[in-house]
Amino acid sequence: MDLSLSPSELEFRDEVRTWLEENHPGPEPESGLEEVMAFRREWQGKLHEAGWAGISWPKEYGGRGATLIEQAIFVGESARQEAPSPANVLGLAMGGPVVIAHGTDEQKQRYLEPILTAEEIWCQGFSEPESGSDLASLKTRAVKDGDEWVVTGQKVWTTFAQYAKWCMLVARTDPEAPKHKGLTYFLMDMDQPGVEAKPLVQITGEGEFNEVFMEEARIPDANVVGGVGNGWSVAITTLMNERAGLAFGAISQISNNLKRLCQLAEETRCNGGTAAEDPVMRQRIAQLHIEAETMRLNAYRGLTKTMQSGIPGPEGSLGKWQWADINQRIAELALEIEGAYAQLDRGAEHAVSNGAWQYSFLRSRANSIEGGTTDILKNIIAERVLGLPRLR
Amino acid sequence: MYFDLTDEQQAIKSTAHDFLAARYKSERIRELAASEHGFEQSDWDEMAELGWPGLALPEEWGGQGLGIVDLAVLFEEMGYALAPSPLLSTTIAGLALALCGSDDQRERFLRPLATGEKRGAPALWDADSPATPGGFTMEAKADGDGTVLDGEKVLAVDAATADFFLVGTAGGKRHLVDRGADGVTVTAEPSIDLTRRLYSVRFDGVRVAPEDTLPAEEPEYFPVFFRACVAIAAESTGIAQRTMEMAVEYAKDRQQFGRPIGAYQAVSHRCAQMLLETENARSAVYGAAWAADAEPDSLPLAASMAKAYASDAGWRVPDASIQVHGGIGFTWEHDLHFFLKRGKANAATLGDARWHRDRVADRVLAEATAPAPA
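Protein sequences, first through last, are from chains A and B. Under the numbering used here, read the first sequence as residues 62 to 453, first letter to last. Under the numbering used here, read the second sequence as residues -7 to 366, first letter to last.
Honestly, the hints are just simulated from the structure, not real lab data. Remember, it's a predicted structure, so these values are computed and weren't measured experimentally. Any given hint could turn out to be false.
Said to hold, decoys possible - Straight line, CA to CA, 16 Å or less: simulated EDC-like cross-link-like pairs of lysine to aspartate or glutamate:
#1 LYS244(B) - GLU444(A)
#2 LYS366(A) - ASP(-1)(B)
#3 LYS107(A) - GLU180(A)
Can you make the complete structure from the sequences, with help from the hints?
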């Protein structure tokens, strides 16, 4: 057992740390999504030049071929310094790895480089209005027509679809087959008359997500990834990739938020002292720190296990569940500490921290829904880790 | 970075697991729970042969010279088996002597303790005090070149069978007193945990020779205290693991409304929660154990986090297991109550979750508002 970083890991961390300190572009613009995207494209360009984009990708495909621990260090350090996201998060975390794992040589040639440079943004077309947690029940149809597929249906929760060139689309190609078997994974060009993206305004007032409508959209047969009928297993690899890298960024983000929570408590008057002196608030602040520490240590245990076995286990579901729970409770406690001022939003003269906690509180409601709901994660843990019987 | 047990630690774990599983079947635990002292000397002799009393004590004084991670491995298994044994109390006394005793005291007390020939027990909390860490009230009155002790200590674990006590007095000194010394009276106090016995110990004009007072001052006992916290938190983690497994097995077998109850999400999600709490406790415990061995500066925070978390998980998980079992889980006949009681007793001692969380709050608030390092 050794919870410290090895000399070479420390050296790597210092390299990341220094590079980020020297190249950090400052906070994201607050003027609107267009400006944010432009800012993130520029940032990704910088990352790519320095060889940090596609850090997990093998070197032969333009990545860095970093070890799992190095990826963890990079993600953790980026979040610690609150570096912006790259513009093409989904392309880097899911699209590229899928093409590398399941794509043909032509596909690798065509798609990988523009993902790294953010020249082409990717989005993910999995969820549908009637297929959320039960993803394999999705209904979007793709019908073969010569050497093309014709796609009709609707996707939802499609992050940044309005900026995307390519959509990782899972559609039903064989309605007769059992639900997991009749699916195919496509790369769909978003830039065509049959595809329309409409922003979905969420409870924060922003439009991160979209609905995507497909009306006889066309996809060349050459854009099938992993073979017709294999869509489910290809999609599952991308979800695994989505989860594996996120933990260490989430941990640094929580640690930053906990620090701000402590500062808020110190600055807020409460019962003749500060909230940091209030016994009840102290207990809750401490409990959140303790749980955040267990989450961090669980992630290290998981990483050791993944390094031994080669694949992330279902235990990763615990981390996602815990992250959502802690993140929500941090924002809830912050609003409680603010007291009556919790009503004031960004722009209000007397708003605390210019409404930052109000935003966190609202945005974090989705943490237990996005990327696998907490209720579904509990099912996965019960069935796949504990071996309890399935209800279905 | 490698967060898993080494092969040697795995070996300690499987040896302990097999040994304890063979010794402590349900009927045996019940026999011992009904016995005078709650454990049997013959079991102790076997544990001594395995080297457990001196596992984390220095080789120089007859111990195995292993670390706190190894000790946590052993105590997790002790909790898993619900082993009734004086190992915890004597281990804490041993750590105090190893870290805070004089060489002469180590020769006379630690060496026989490390081999299991003698056992020690801390006698720290004063009657009518809150029994939270620190602030002992018993006066150590000077008497010639020695000291005289008067007063009553409570919640002393295994006091009736220990060979000597480590008695804490006002100002933070510790004194070695033989159980058979003149003026010492040990009285059993019924406790909820029948597998670990508590006693009060009266000291009526008990004379302590100067060579039997430890040279260390109060702050030097913190490393002992935090190591003890890790050991007991490891034990609570074992309790959580075992009772979670019991719940999962039962939920797979027990049929109601034509299905195993584990197929119902009200039950399966409760089991998932038990896993979360057990794994969190385990991570916190080994994180703190590693800190004790490798990064002592971070031990106080890590140990308080581990003790706070495992205090809660150590009784909540058995409690949840009882709920999964339904009526049978509430009977004396089922073993779950023994686990719940041990977990609750562990939670209450060596600083409860609230006490440790308050320490955590002190540290994290101070850190968050400290100026950033240059």
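Taking the hints in turn, this is what the structure says about them:
A threshold of 16 Å between alpha carbons decides the hint, and for LYS244(B) with GLU444(A) the separation of about 11 Å falls inside it, so the pair holds. Proposed proximity of LYS366(A) and ASP(-1)(B) is supported: the alpha carbons are some 15 Å apart, at most 16 Å. The straight-line distance between the Cα atoms of LYS107(A) and GLU180(A) is roughly 13 Å, inside the 16 Å bound, and the hint therefore holds.
Violation of the numbered hints given earlier is absent; every hint is satisfied by the structure.
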